[in-house]
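Here are the chains, one letter per residue:
Number of protein chains: 2
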Amino acid sequence: MNVQEAIEKLNDLELKEFAYGHAMGILSYDDETVAPKGSGIPRGKTMGVLSELSYKLSTGDEARGLLDFLKEHYDELSPEDKRRTDLRDKSMRELRAIPVEEYVAYTELLNDASNVWREAKNKSDYKLFEPYLSKIIETQKRFAGLVRPDMDPYDYCLDQYEEGLTREKCEEFFGALRRRIVPIIEKVKAAEPIDDAFVRRRFPVEDQRRLSRALMEIMRLPEDNCVIGEVEHPFTTGFSKYDVRITTHYYEDNFLSSMYSVIHEGGHALYDLHSDDRFCFTSLEGGVSMGVHESQSRFYENIVGRSREFIELIYPEIVKLSPEMGKHTPEELYRAANVALPSLIRTEADELTYPLHIMVRFEMEKAMIGGDIKTSELPEMWNSLYKEYLGIDVPDDKNGILQDSHWSGGGIGYFPSYALGSAYGAQLLHKMRESFDVAEAIKAGEIGKINGWLEDKIWKYGSLYKPSELMEKAFGAEFDPKYYTDYLERKFTEVYRL
Amino acid sequence: MNVQEAIEKLNDLELKEFAYGHAMGILSYDDETVAPKGSGIPRGKTMGVLSELSYKLSTGDEARGLLDFLKEHYDELSPEDKRRTDLRDKSMRELRAIPVEEYVAYTELLNDASNVWREAKNKSDYKLFEPYLSKIIETQKRFAGLVRPDMDPYDYCLDQYEEGLTREKCEEFFGALRRRIVPIIEKVKAAEPIDDAFVRRRFPVEDQRRLSRALMEIMRLPEDNCVIGEVEHPFTTGFSKYDVRITTHYYEDNFLSSMYSVIHEGGHALYDLHSDDRFCFTSLEGGVSMGVHESQSRFYENIVGRSREFIELIYPEIVKLSPEMGKHTPEELYRAANVALPSLIRTEADELTYPLHIMVRFEMEKAMIGGDIKTSELPEMWNSLYKEYLGIDVPDDKNGILQDSHWSGGGIGYFPSYALGSAYGAQLLHKMRESFDVAEAIKAGEIGKINGWLEDKIWKYGSLYKPSELMEKAFGAEFDPKYYTDYLERKFTEVYRL
Numbered sequence: 001m002n003v004q005e006a007i008e009k010l011n012d013l014e015l016k017e018f019a020y021g022h023a024m025g026i027l028s029y030d031d032e033t034v035a036p037k038g039s040g041i042p043r044g045k046t047m048g049v050l051s052e053l054s055y056k057l058s059t060g061d062e063a064r065g066l067l068d069f070l071k072e073h074y075d076e077l078s079p080e081d082k083r084r085t086d087l088r089d090k091s092m093r094e095l096r097a098i099p100v101e102e103y104v105a106y107t108e109l110l111n112d113a114s115n116v117w118r119e120a121k122n123k124s125d126y127k128l129f130e131p132y133l134s135k136i137i138e139t140q141k142r143f144a145g146l147v148r149p150d151m152d153p154y155d156y157c158l159d160q161y162e163e164g165l166t167r168e169k170c171e172e173f174f175g176a177l178r179r180r181i182v183p184i185i186e187k188v189k190a191a192e193p194i195d196d197a198f199v200r201r202r203f204p205v206e207d208q209r210r211l212s213r214a215l216m217e218i219m220r221l222p223e224d225n226c227v228i229g230e231v232e233h234p235f236t237t238g239f240s241k242y243d244v245r246i247t248t249h250y251y252e253d254n255f256l257s258s259m260y261s262v263i264h265e266g267g268h269a270l271y272d273l274h275s276d277d278r279f280c281f282t283s284l285e286g287g288v289s290m291g292v293h294e295s296q297s298r299f300y301e302n303i304v305g306r307s308r309e310f311i312e313l314i315y316p317e318i319v320k321l322s323p324e325m326g327k328h329t330p331e332e333l334y335r336a337a338n339v340a341l342p343s344l345i346r347t348e349a350d351e352l353t354y355p356l357h358i359m360v361r362f363e364m365e366k367a368m369i370g371g372d373i374k375t376s377e378l379p380e381m382w383n384s385l386y387k388e389y390l391g392i393d394v395p396d397d398k399n400g401i402l403q404d405s406h407w408s409g410g411g412i413g414y415f416p417s418y419a420l421g422s423a424y425g426a427q428l429l430h431k432m433r434e435s436f437d438v439a440e441a442i443k444a445g446e447i448g449k450i451n452g453w454l455e456d457k458i459w460k461y462g463s464l465y466k467p468s469e470l471m472e473k474a475f476g477a478e479f480d481p482k483y484y485t486d487y488l489e490r491k492f493t494e495v496y497r498l
Numbered sequence: 001m002n003v004q005e006a007i008e009k010l011n012d013l014e015l016k017e018f019a020y021g022h023a024m025g026i027l028s029y030d031d032e033t034v035a036p037k038g039s040g041i042p043r044g045k046t047m048g049v050l051s052e053l054s055y056k057l058s059t060g061d062e063a064r065g066l067l068d069f070l071k072e073h074y075d076e077l078s079p080e081d082k083r084r085t086d087l088r089d090k091s092m093r094e095l096r097a098i099p100v101e102e103y104v105a106y107t108e109l110l111n112d113a114s115n116v117w118r119e120a121k122n123k124s125d126y127k128l129f130e131p132y133l134s135k136i137i138e139t140q141k142r143f144a145g146l147v148r149p150d151m152d153p154y155d156y157c158l159d160q161y162e163e164g165l166t167r168e169k170c171e172e173f174f175g176a177l178r179r180r181i182v183p184i185i186e187k188v189k190a191a192e193p194i195d196d197a198f199v200r201r202r203f204p205v206e207d208q209r210r211l212s213r214a215l216m217e218i219m220r221l222p223e224d225n226c227v228i229g230e231v232e233h234p235f236t237t238g239f240s241k242y243d244v245r246i247t248t249h250y251y252e253d254n255f256l257s258s259m260y261s262v263i264h265e266g267g268h269a270l271y272d273l274h275s276d277d278r279f280c281f282t283s284l285e286g287g288v289s290m291g292v293h294e295s296q297s298r299f300y301e302n303i304v305g306r307s308r309e310f311i312e313l314i315y316p317e318i319v320k321l322s323p324e325m326g327k328h329t330p331e332e333l334y335r336a337a338n339v340a341l342p343s344l345i346r347t348e349a350d351e352l353t354y355p356l357h358i359m360v361r362f363e364m365e366k367a368m369i370g371g372d373i374k375t376s377e378l379p380e381m382w383n384s385l386y387k388e389y390l391g392i393d394v395p396d397d398k399n400g401i402l403q404d405s406h407w408s409g410g411g412i413g414y415f416p417s418y419a420l421g422s423a424y425g426a427q428l429l430h431k432m433r434e435s436f437d438v439a440e441a442i443k444a445g446e447i448g449k450i451n452g453w454l455e456d457k458i459w460k461y462g463s464l465y466k467p468s469e470l471m472e473k474a475f476g477a478e479f480d481p482k483y484y485t486d487y488l489e490r491k492f493t494e495v496y497r498l
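In order, the protein sequence lines correspond to chains H and D. Residue 12 in the working numbering sits at position 12 of the first sequence, and the numbers go up by one each step. Residue 475 in the working numbering sits at position 475 of the second sequence, and the numbers go up by one each step.
Hints in this document: simulated from the structure, not taken from any laboratory. Do not rely on the hints blindly, as some may be mistaken.
Identical copies look the same in the list; a pair holds intra-copy or inter-copy alike.
Straight line, CA to CA, 30 angstroms or less: simulated DSSO-like cross-link-like pairs of lysine-lysine [said to hold, decoys possible]:
#1 Lys169 / Lys141
#2 Lys320 / Lys37
#3 Lys9 / Lys56
#4 Lys466 / Lys169
#5 Lys37 / Lys449
#6 Lys187 / Lys320
#7 Lys387 / Lys71
In isolation and in its complexed conformation, chain H is listed as follows (with noise of 0.2 angstroms):
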């Protein structure tokens, strides 16, 4: 075998593990939003069968035998090759540590866990969930514990989901956000309130639909590329970049509520779509982790959508769709989609409190996964953080500790990500400022300068480089939380005139 034979059977080898994953993704994605709800049993046998198969594909002896092979001759690879193999080098130590029949357990383990967490968000009974939850934080700490034995388990957990993130930097990124931002609650809190109950009429399910498909082509979100479906708890799915699936959940009596979400997730899918065509089918296409990912997201619905000058762009279709919110100036429209005040949901949090909302998970996380709490006792610590951190009373567990899915799908680790991507986005923000004026190009509905600066810079490397390699590529600097900082001060002293 040579160079050029090794990089076919590399090609063809991630083609193989490119459709299993395609084909798992697709059985979530029908899940999510159109199977019967009894569909769970076949689903589970499927996702089983292809759960050992892809396991096999990746850690079997051809595989290893082609990475050994790619190791020896890595100098002669080409940088992308060169990354290809240090990420399947990455994930074939994780997965060889892991036995096959707990892999696929997990898989199935999970595929019933998203099933009974829906089930217990609707009744709103937490101890529906709770053997499951249970069962998935021992999962998480056994395969951390085998794979990275070194490792402190909650830093294996986040490192997942961002390569390099661990609970100091978090600790410390955390408490830099806590003490800037705090204070500026407190400031929003003693100012006068915004009136923003006009944002909470009737605005029709058929229309706010109409509302996405606008968003979705001033955004440039390619239709033939990028659907929309419908879902309790919105999500995005890049199955390649020819095909990415975002999610809503429309609420007749905020609009707003889908608005933003349409905005995030077309944000990542925005990502996902424009990975640049040579990654195509391999592990360097889409995203490189998520925190990067949700830089995207949250930069699309907070910097630019929540901006007055999306507002004033959105404004009139927004008036054409519900003639009754023209009784309100753009800039009532601008306040009113800022009201920062803490509350109960993240995923409806405005800006300002939003990080809170994750400090709250990430303290549940490390107790999880570091600490001795019983899950029975989650529920409790869950609304005690919310007294601590956002000041309110949370009434019941589908408002409280059962609102996101992600735990039921075995993500713990990811909410940092939020925060960190909120922070990453406004850095990449003040580096843009460099090249055109945003703001302009926002009012002008000149979205696709945006997009076109953000393809530059980050989209179209896919994976090829870690996210803090290609984040500080982008900014030209050293990632630094201020600019998140300095930006929502900015922000709400003026929005709320302080």
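Chain D: place on chain H using the hints.
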């Protein structure tokens, strides 16, 4: 290995086959219902990988060794395992005759062909679709020659959908139908026309969706295991008895179209939902042939759904959703739902002229597979057959040769099942009446009584018996198309007061 171990291996093998089929089925369903238009490239890749895998699993050394063992110990097997062995023996012979590359290439061809057919139909442009149809025909001929060189190639095609069906049997069957049906159609044409303009009044899609839900309830389709999707060309996919999808298409000016497509697909779904539990995830789960499948769907659509009693049953629901319809009596609606007139579109055709649409396709398929007609001449042949059989002019390919999806999916030999199924259904009615008053049960909304009878005679057996064996057991006699022609004559003499 002893017999018990062999059966465990067989169960495991069939579970894997189920899983691959399930994954590919969900990918297709997603394609038909919600996938973005441009998603064909990744789906083609994944389908290619999965179909190769599936082929290798079903034809590999392990599967062959197992089959040899089962054949050696055939006498020791249960009737169920004997049937599984027979089915596997048949499909092994078929699959092994086809080289894997050709099998994979064909799967990819069909994926592309479906997408192109949709576009061609939309644009009413046969030329777009022609090269794909040409390749499909060539491949079908080639596969027939490889698998069964001893057999007439079109007989091979027919046998794929109805074990044991031949061109000769079809010719005899269609001959008998035509002799009896054509004179009835002539009388109907001479009779006083029925006024059915009122059923084409606007019926909003949202209200039609409500009607679909009511129909599913009346038919006892369990919502936990059966959901409805919206597509261009309605179909049913049964992934397992836990998950069956029916689909429909809503036309605002023709609510009967979706009403009868829901009832038709609902009949397929009931069959798939009621295999015996012990057949789950084995080759015996689900319907045995397309002929038997269509016997169920067309039984519900026509014999039940277009009966006077069913119209009386659903009438209040229709009037509730569309009060305008209340200006007409149930009797008027009954007659309007049974207007028998030669028409362009098979799926919209009435019960009486329907078999003529099938005969056109039968003639087309014989020419495609057995004759030496050029694909460029097929639209002309289609149009002249519609003139000859139905006496009507085809205005364009959209309403002509491009109307059905079957050929784009490789389904040459499928159509005769529809007519055969209709005839099976009439003989089932005859037999069912010996047990209870079917009209009375429908009138009383006791569809469960009909479901129970069919479950007992047909559904629960899954694929345990050959189609002809299963039907003869149910009929307690040989198949005889006279029950069908008698039924049609009685019904249309009465509807048209001949």
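*Are the CA atoms of lysine 169 and lysine 141 at most 30 angstroms apart within a copy, between copies, both, or neither?*
Within one copy only: 20 angstroms inside, 65 angstroms across.
*Have a look at lysine 466 and lysine 169 and pick one of within, between, both or neither, based on CA distance no larger than 30 angstroms.*
within (17 angstroms within a copy, 67 angstroms between copies)
*Could you figure out if lysine 320 and lysine 37 sit no more than 30 angstroms apart (CA to CA) within one copy, between two copies, both or neither?*
For lysine 320 and lysine 37, the Cα distance is within 30 angstroms only across copies (29 angstroms; inside one copy 37 angstroms).
*Identical-chain pair category, lysine 9 with lysine 56, by Cα at 30 angstroms*: Close inside one copy (16 angstroms) and across copies (19 angstroms); limit 30 angstroms.
*State whether the alpha carbon distance between lysine 387 and lysine 71 is at most 30 angstroms within one copy, between copies, both, or neither.*
neither (52 angstroms within a copy, 70 angstroms between copies)
*Taking 30 angstroms as the upper bound on the Cα-Cα distance, should lysine 187 and lysine 320 be classified as within, between, both, or neither?*
Cα proximity of lysine 187 and lysine 320: none, with 36 angstroms in one copy and 57 angstroms across.
*Indicate which option fits the pair lysine 37, lysine 449 if close means a Cα-Cα distance not exceeding 30 angstroms: within, between, both or neither.*
Only across copies: lysine 37 and lysine 449 sit 26 angstroms apart there, 43 angstroms inside one copy, limit 30 angstroms.
This entry does not satisfy hints 6 and 7, going by the numbered hints stated previously.
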